[in-house]
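S.K.: What follows is each chain in one-letter form.
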Amino acid sequence: MWRPCGIFDETYRQDMAIVRTPLRWGVLTVSVGVLLAAPLFCSYYIVSVLNTLAITVIAVLGLQIVTGYCGQVSFGQAAFMAVGAYSSAILTEKLGLSFWIAMPVAGVITGMYGLLGGAPSMRIKGFYLAVATIAIHFVTMWLVQHLEITGKSVGLPVSPPQIGPFAFDSDERMFYIIIPVMLAMTYGARNIVRTRVGRAFVAVRDNDLAAQVMGINIYYYKLLAFFISCFYAGVAGSLWAHYHGVCHPEQFQLLRGLWYIGMLIVGGLGSIPGVFFGVILIRALDESVLMLSPYFAQWFPWLGTAPAAGLGLSAFGLVLALFLIKEPRGLAHRWEIMKASIRLYPFAY
Amino acid sequence: MTEFLQLLVIGLLEGGLYAMVAVAMVLVYKSTHVVSLAHGQFMGFGALAFWFVLVQLKMPIVVALVLALCFAAAVGWAVERFAMRPLIGQPLFAAFLTTFATFLMMDGLFQLILKGESASFAAYLPLGSISVAGKPLPTTQLASFGASLLLFAGLAVFFRFTKVGLGMRATAEDHQLAQSTGITVRSIFSYIWMLSTVVATFAGIALANVSDIYFTLPYMGIKGLIVALVGGLDSLPGALLAGLLLGVLENVSAGYLDPIVGGGVKEVAAYVLLLLVLLIRPYGLLGLVRIERI
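Chains as they are written, first to last, in this note's numbering: chain U, 4 to 352; chain L, 93 to 386.
Next up, chain L with everything else stripped away, as it sits in the complex:
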């Protein structure tokens, strides 16, 4: 039983990180109806910028964080301006494939910068572990999880009380209606991409804190996409729920099934879950149910 509890807690901690990546994708999908494959790279590059300022330039953490987030916003603006905006009016699928092209382009750059090595952080968060119910929990993971919860709270406030946040919600409802009430949909798209890359950068930094920056980091974006799909592409609470669910499922299934099949269950559990959810509830756990014939 204690083993199960420990797996559960570790799963929840990891799930918080997955949820952050998924939130970044849900933000973009809600307002622009574009499913983005490129967010894994935003994570990777954000973490890399943070690492560069913190470790190479030896700046304090706050400066590094601010610079990394500014860099992320610039990347988001550039992607929206040069890859997404020319495709307004084209089928949404073209935009999906363009985010895929963006992923490849940035993946090449990422590999060029890393050169097959990994970039690791010196410990900037308190190391060690806290004992919970007699089981040790690593503090770095706890800190990352706490950061992701803070981020969720911040997003909730942003969407409820700020003018831009309300404009984004209006745009998500209906582009033409939003435009006719005086919201500039075009700049909202731009803000959305910037906000979503900032969130992805947060996730990237939190992930890189747990495991170093390695060339596989951008591929965690696929996990984020799975979480977004499982939770429902247009639901922020769904992303949180599905993220935690996936984290727990991965760890619990790995903990119990690995000895039976000989390892590696963790890599594949997410995909099996995705296939099941897509077959049973294609719109996700909390997503808006669309009525259409397939």
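Pulled out of the complex, with its shape left as it was, chain U reads as follows:
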């Protein structure tokens, strides 16, 4: 483990801690405190944006584990989210379980489903697997639209979570479920990637033959990565369903899974903070396009009256291509460079 000059870990506990220095504790406490207090001083709209961001972060964290750490690209995260959302909806509405049990159970169900999704990785890798996950997405969504239990193309209504008589039925109330879950999932992801399992993932990603020679069961670890990733997707989907109050096939289109991969690339593959950078940057891009699109419609009348969707997609594709060509390691790499230069200031190295 690389440590900057002047930092000495004196005990085993200190060496193993996720948050190691007092400065980091301070920054973390303040930022989490500000985040949790956000509904007090932020508008309704910002709280709803934060909710969506946090759910996206959970889904992309899962994708980071399977794609960024284990190297298996999955375009099917949207379909796995759908599995989570629908299983959570069925568990709460049809079987009458409470949300607090349904959410983790939906995660596990999605994880099991993800084992099915990861099964082709036994025979194929690289873009073959990526295309196979596209196929899995379409097959899953076809099932969702044709099975009786998922309400076919109409979808399912979902009731908000409750503690006793207290219902989490507004954006501000859901905020206090979504954000703690996101924090817990982030903590979990950070832990997973530095354990034996996480190191095995990285070994499989970097050179699968070498990993196998070292005694890593590649197929087991690929499936495990898919399981963990889909667990994250399932939890995100469950939160999504209970937040929006409805499950509908239109919510989980292929494009959503593609956006998640894009966020991952922009943020940086193989980095947990990168997930946050990517999600926030892409969302900010989307919001700014949304804000600017009326002006674009005025300046360029041929764009039509509602250019937001098309413009947003184009801008996203452009940013993605620029990152792939100019900065393939993503924003996380820039962040590391910035931290190092601040630490060394005023020296160059």
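These aren't lab readings, by the way, just hints derived from the structure by calculation. Yeah, the Cβ is synthetic: ideal placement off N, Cα and C, and Gly gets one too. Among the clues, some could well be false.
[As the list claims (entries may be wrong)] Counterexamples of contact, computed for chain L against chain U with all Cβ distances above 10 Å: (1) 151; (2) 192; (3) 252; (4) 344.
[Stated by the list, open to error] Just some of the chain L residues that point at chain U, by a computed CB distance under 10 Å: (5) 165; (6) 184; (7) 188; (8) 196; (9) 311.
Got chain U; can you put chain L on it based on the hints?
M.R.: Same frame as chain U, now just chain L:
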């Protein structure tokens, strides 16, 4: 039995179109080893250019076709020059993801141009239907199918007898060897992309002739990718075979299974076929068998 025959023939006609899209992808993969997701958009934009010249500018069909193909070649050149060439020497996966970024970028533009409407052609091919074995077959589909067969013949001639075509085949064998015999691999890459966008445009025009230009047209590119994978990414005959196979499979399975499961089999049959082929023969039906550990 006659029902089966009709499903078979319609499937073959549709399969010819799928095969054309797949051929465009196989061309790129053979020479550059890049799997392209962007070809669906090349189809869409080619068809759109054709539509613009034919319907908006009211030019004759030949002019529209030539202009659309020139436009396609320009798009192919631009994609190769600005998205693919900076990535030479990078992992192939980065190039794959860049074609995906290109797809998104062009998808946005496509939606901006269409604005949620569909662009349809006035009938420029003879309408009506020909009766084959007592069953009617639409002529527009027959014409599209004929065009795709012509295209295949043209490609075969091109690869066998022209200097650039031979250079492309040499490049597909080995980049360094090709370079040492005096072939400029870089310009071959450029030509390959241009040729492949031209083929994709052909496919787009043929598809738009059967169904109008709608925002879902570029997503037919995914079907093309499936056909290319099923046939083997580096095999042109494989693309033709798999295209016809997929067309027949979709129509026959839809014809017989739709009444049982309640519709929509056609949308999902291709993906099920893809998953099966990837699990059983990952290199495709006629693709080069690579020996490697997964």
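S.K.: Compare the structure with each hint and give your call.
M.R.: Taking the hints in turn, this is what the structure says about them:
1. For residue 151 (chain L), the condition that its CB be more than 10 Å from all CB atoms of chain U holds, with the nearest at approximately 20 Å.
2. A beta-carbon of chain U comes within 10 Å of the beta-carbon of residue 192 (chain L); the shortest separation is about 7 Å.
3. Residue 252 (chain L), annotated as away from the interface, keeps every beta carbon of chain U farther than 10 Å; the closest lies near 30 Å.
4. Residue placement check: residue 344 (chain L) keeps its beta carbon more than 10 Å from all beta carbons of chain U (closest about 18 Å).
5. At its closest, the beta carbon of residue 165 (chain L) sits 21 Å from a beta carbon of chain U; the interface hint therefore is violated under the 10 Å criterion.
6. With a least beta-carbon distance of about 8 Å to chain U, the hint placing residue 184 (chain L) at the interface is held under the 10 Å criterion.
7. Given hint, residue 188 (chain L) at the interface with chain U, holds; its Cβ is 5 Å from that chain's nearest Cβ, closer than 10 Å.
8. Hint on residue 196 (chain L) holds. Least Cβ distance to chain U is approximately 3 Å, under the 10 Å limit.
9. Hint status for residue 311 (chain L) relative to chain U: holds, with the closest Cβ pair at about 8 Å, below 10 Å.
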